Amino acid sequence: MKTRQTLIHTVLYAVLIVIALIMIYPFLWAFTASFKTSVQIFNGNPFDLIPKPFTLDNYVRAWTVLPFYRFVLNSLMLSIIVPACIIVLASLAAYSFARLNFKGRDFVFLCLLGVMMMPGHITLIPNYSLMRMLGWINDYRALIVPMIFQGSLVFNIFFMRQYFLAIPKEMDEAAIIDGCSRFGVWWRVIMPNARPALATIAILSFVSEWNTFLWPVIVINDYLKMPIQVGVSYFKANVNDWGVLMAATTMAIVPLIIVFGVFQKHFIKSMLTSGLSGK
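In the working numbering, the protein residues as written are 4 to 282.
It should be emphasised that the hints constitute simulated quantities derived from the structure, not laboratory data. Heads up, a few of these hints could be off.
In silico SDA-like pairs for lysine to any residue, Cα to Cα no more than 20 angstroms straight-line [stated by the list, open to error]:
1) Lys228 <-> Pro149
2) Lys228 <-> Asp142
3) Lys172 <-> Trp213
4) Lys268 <-> Val257
5) Lys239 <-> Phe30
6) Lys228 <-> Trp245
7) Lys172 <-> Lys268
8) Lys106 <-> Leu95
9) Lys228 <-> Trp213
10) Lys228 <-> Tyr143
11) Lys228 <-> Ile140
12) Lys228 <-> Asp244
13) Lys172 <-> Pro199
14) Lys228 <-> Leu10
15) Lys239 <-> Asp60
The structure presented is a predicted model; accordingly, all values stated were derived computationally and were not measured.
With these hints in hand, go ahead and build the complete structure from the sequences.
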């Protein structure tokens, strides 16, 4: 019986490894292609991942042909400001739904859940019209403000509410007895105990803002203000060199890998603990 289970596990692991390799290979190929010349990319063996010769010219050209550093700075600005605002707004709203008793609380929460069911694309035209009325077209404010109040904010409110419900109310009561206000309870008790959930929201929001493409294309005309994903598309349109394009793509992916690697422990912990208790 034990031998049979071992055989089954071995087969399953082998299948999973093959699937993982199939999924990883395109990214691995793109990474190694960024160190190859154009001749190697198009005339070489597609399964030969070792660059011969090894060159960094593609990365140098990626930074010099177009203002790649501006694309990176724009994306960093979006990926820091927007998640920070989302964390503050979502945690305050989630605390209200999880801890405060007010008239119509459940109805308002159900309305928020209803917003989650609406496709985000239906708000593109109204948001664009609003940005034009405010005179924010081709302005950083058009990138930041709508992204803060997009549909993911509602999901983050729901996610954090479920996590807050798992925190014992006795901790709130003890803090209030010690003289904490409601805001003090949120800041000194709830937020420190919700670090895994905050890390999860930070990761998801960072990835979302770093990968944003459609909205910047609509509201931004100056390529110096565009985020990195739109900038990479400019490489494809203006630079007829796949080595440079692979280098730009690799540099666009690396920050996501670093962020997930740093916060991976908190992300997994939050996924395991949130929503397991509370109603």
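Structure-based check of each hint:
| no. | hint | verdict |
| --- | --- | --- |
| 1 | Lys228 <-> Pro149 | holds (16 angstroms) |
| 2 | Lys228 <-> Asp142 | holds (8 angstroms) |
| 3 | Lys172 <-> Trp213 | violated (36 angstroms) |
| 4 | Lys268 <-> Val257 | holds (19 angstroms) |
| 5 | Lys239 <-> Phe30 | holds (17 angstroms) |
| 6 | Lys228 <-> Trp245 | violated (24 angstroms) |
| 7 | Lys172 <-> Lys268 | violated (26 angstroms) |
| 8 | Lys106 <-> Leu95 | holds (17 angstroms) |
| 9 | Lys228 <-> Trp213 | holds (14 angstroms) |
| 10 | Lys228 <-> Tyr143 | holds (7 angstroms) |
| 11 | Lys228 <-> Ile140 | holds (11 angstroms) |
| 12 | Lys228 <-> Asp244 | violated (24 angstroms) |
| 13 | Lys172 <-> Pro199 | holds (18 angstroms) |
| 14 | Lys228 <-> Leu10 | violated (56 angstroms) |
| 15 | Lys239 <-> Asp60 | holds (17 angstroms) |
In terms of the numbered hints stated before, the structure departs from hints 3, 6, 7, 12, 14, listed from lowest to highest.
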